[in-house]
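Peer 1: Make the full structure from the sequences, and use the hints.
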Amino acid sequence: MSILSATGKIIMVQEPVSGRFGLQKLLAKLSSNAYGFNWNGSDEISLVTFNKKRTICKILHVDDTGVDCTTRILNHGNFKVLLDEGLIPRRLTREALERLIIDGTLEGEYQNEISKQLLENQQYLNLTKRAA
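If you read the sequence shown in our numbering, its first letter stands for residue 438, the second for the next number, and so on.
It cannot be assumed that every hint is accurate.
Estimated spans, in silico, between C-beta atoms of each pair [as the list claims (entries may be wrong)]: (1) 549 to 508: 16 to 22 Å; (2) 563 to 509: 18 to 24 Å; (3) 509 to 461: 15 to 21 Å; (4) 564 to 462: 38 to 44 Å.
Below, simulated EDC-like cross-link-like pairs (lysine to aspartate or glutamate); rule was C-alpha separation at most 16 Å, straight line [to be verified]: (5) 553 to 535; (6) 446 to 481; (7) 553 to 532.
Hint data in this document are derived by calculation from the structure and do not stem from the laboratory. Small disclaimer: the values here were computed from a predicted structure and weren't measured. Beta carbons: idealized from backbone N, C-alpha and C, even for Gly.
Peer 2: In structure tokens:
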């Protein structure tokens, strides 16, 4: 079972964002188009940000029922994403975002064997549900 919404855009901001930003500040930045993509204020969207050290990931989710902000801090290591000033935001799939949240990587080798097993089991369960 996923904590992520099954609909809406997922946008990953590829420039560092302060880990101290909360729901209000992230929503204000999103509404003012500070991250370089146009959001009309009513479409469902998930905004994924990272701090400069890539130890904190924040996900701001906006839909027709409200707004929530989730913070993920890895127990060890850091998120394996490229961050730099002025990079264009990137669209992600739900599977890529789930891997990023659980393991801290988007592709390639897993950082943690347990997260690899968890994600593989989750994919297997999803395939068996679709086949049924």
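Peer 1: Confirm or reject each hint.
Peer 2: Evaluation of the provided hints:
Taking 16 to 22 Å as the suggested C-beta distance range, the pair residue 549 and residue 508 conforms, at roughly 19 Å. In this structure, residue 563 and residue 509 meet the distance hint of 18 to 24 Å, their C-beta atoms being roughly 21 Å apart. Checking the proposed 15 to 21 Å range against residue 509 and residue 461 shows it holds: the Cβ atoms sit about 19 Å from each other. Taking 38 to 44 Å as the suggested C-beta distance range, the pair residue 564 and residue 462 conforms, at roughly 39 Å.
This hinted pair checks out: residue 553 and residue 535 have alpha carbons roughly 11 Å apart, not beyond 16 Å. With a CA separation close to 7 Å, the supplied pair residue 446 and residue 481 stays within the 16 Å bound. Distance check on the hinted pair: residue 553 and residue 532 sit about 13 Å apart at the alpha-carbon level, within 16 Å; holds.
Against the hints set out earlier in the document, no violation occurs for any number.
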